[in-house]
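S.K.: Sequence:
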Amino acid sequence: MVVLRLKRMGRRHRPFYRLNAMDKRAPRNGRVIEELGWFNPLLEDESKQLCFNAERIKYWLSVGAQPSDTARTLIKRIGVDPTPGKKA
130 MVVLRLKRMG RRHRPFYRLN AMDKRAPRNG RVIEELGWFN PLLEDESKQL
180 CFNAERIKYW LSVGAQPSDT ARTLIKRIGV DPTPGKKA
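Numbered per my numbering, the sequence shown finishes at 217, counting up by one with no gaps.
Each hint should be verified, as a subset may be incorrect.
In silico lysine-lysine, DSSO-like type, Cα no more than 30 Å apart, as pairs [stated by the list, open to error]:
| hint | residue 1 | residue 2 |
| --- | --- | --- |
| 1 | Lys187 | Lys177 |
| 2 | Lys177 | Lys205 |
| 3 | Lys136 | Lys205 |
| 4 | Lys205 | Lys187 |
| 5 | Lys187 | Lys153 |
| 6 | Lys177 | Lys136 |
These are computed hints drawn from the structure, not numbers from a lab.
My request is simple: use the sequences and hints to build the entire structure.
M.R.: In structure tokens form, the structure reads like this:
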């Protein structure tokens, strides 16, 4: 099963995350199928915190990928319906 989840990058006290399509059995920072964007929570301007590829996220959701809870809330922020399998 494919899941959409965040992979933590950055250094200590400076978190930076990448949204990835991964196999459910892979560890959090393990092998990635496809990188879908990034999230930087420390930026002041909320419009610059996210950079996601909406088309690829829609594709992965349409083929049954399950977003994690945190990924689901971030995907909602870019205006994509994170309900799996639902055509937008």
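S.K.: Hint by hint, note whether the structure agrees.
M.R.: Here's how the hints hold up against the structure:
1. The hinted pair formed by Lys187 and Lys177 meets the criterion: a straight-line CA distance of about 21 Å does not exceed 30 Å.
2. For the suggested pair Lys177 and Lys205, the alpha carbons sit about 15 Å apart, so the restraint of at most 30 Å is met.
3. Taken as a hint, the Lys136 and Lys205 pair is honoured in the structure, with Cα atoms around 18 Å apart against an allowance of 30 Å.
4. For the hint linking Lys205 to Lys187, the alpha-carbon distance of about 12 Å falls within 30 Å, and the restraint holds.
5. At most 30 Å may separate the alpha-carbon atoms for a hinted pair to count; Lys187 and Lys153 meet this at roughly 18 Å.
6. For the suggested pair Lys177 and Lys136, the alpha carbons sit about 19 Å apart, so the restraint of at most 30 Å is met.
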